[in-house]
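Those letters in the sequence shown? Residues -26 to -1, 1 to 250, by mature numbering (1 follows the signal peptide of the UniProt record, and there is no 0).
Simulated from the structure, these hints should not be mistaken for laboratory data. Note that this is a predicted model, so its numbers are computed, not measured. Incorrect hints may have been included.
Said to hold, decoys possible - The calculated label-pair distances, taken between Cβ atoms and stated as ranges, are:
{"hint": "1", "residue 1": "45", "residue 2": "224", "range": "47 to 53 angstroms"}
{"hint": "2", "residue 1": "18", "residue 2": "237", "range": "28 to 34 angstroms"}
{"hint": "3", "residue 1": "8", "residue 2": "60", "range": "32 to 38 angstroms"}
{"hint": "4", "residue 1": "217", "residue 2": "129", "range": "44 to 50 angstroms"}
{"hint": "5", "residue 1": "128", "residue 2": "217", "range": "45 to 51 angstroms"}
Even glycine gets a Cβ: it sits at the ideal position worked out from N, Cα and C.
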Amino acid sequence: MFTIMNAVRTGIAALALLALCGQALAQSGQTQPDVTDPHFKIAPGYLRQSELPNSLLLLGPPPEPGSAALARDEEARKATIPLRNTDRWKLAYTDADLAFPQAADNFSCAMGFKIDEEQTPRLYAMMQKTLSDFGLSTYGVKNKYNRTRPFVAHNEATCRADQEAILRGDGSYPSGHTAAGWGWALVFAQINPERSNELLERGIAFGQSRVICDAHWQSDVDAGRIMGAATVARLQTNAAFLADLKAAEAEVKAAKAKPATPMPDCAAEAAALSER
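All chains, full assembly: derive it from the sequences and hints.
Shown next as structure tokens:
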């Protein structure tokens, strides 16, 4: 069964290891991937294609039919069935929306203030730019294997009927949504360390929303966290990102000193996240 410790071991340990690798994570000679999810085209990223971590080197193939790994995926999917049509299912619905401002709202409660274009413009723009980097990092393996998603394999519905047409043509492994959510959580924890526990917990839950939504297998989510962490490690060498990071730290400090602005319903979010 999935636990927070699993995510920490998969994501944070991967980040620590990959941070030591630096430039070794860059791709060489890889062509521009066929990106089918429009969320990852919202804004140009910080990294060139040749600078993105190479999922073909960092990840193995998805679980094979009849394997213990696939059995684990099936058990994780079955464990989320009681959550369908609950408040946790509704939260998975909003987590699936990577468009803005919803993507920023998804992390505002964990950050402790509202992330928006007016109060934190550099942080808001940084979210949009890194979204492309996180998403694109997954497409080497995603396009190679084009794994069938669980809702297709089981002839079910996801929490987002409006996204299913795109999902059917977009490989399941690894999860780009998870790469973004975990990557954002790591960056936010770097910017606002006093809220690191809340932010990392939210990043973990963001990935698990993809399993709850029936849009991804658990192994897709695990692999997505690796790619998100790898991308964050690579971004630490990018001058434009580091400049925006510094500016975002100043915005966060100023936002925390101001009176509270209207926020998403954080109590409702916390209640939904407590559902297991």
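These are the hints, each one checked on the structure:
1. 45 - 224: 47 to 53 angstroms: holds, 49 angstroms
2. 18 - 237: 28 to 34 angstroms: holds, 30 angstroms
3. 8 - 60: 32 to 38 angstroms: Between residue 8 and residue 60, where Cβ atoms are some 35 angstroms apart, the hint holds.
4. 217 - 129: 44 to 50 angstroms: holds, 49 angstroms
5. 128 - 217: 45 to 51 angstroms: holds, 46 angstroms
Violated hints for the displayed structure: none, as all numbered hints are satisfied.
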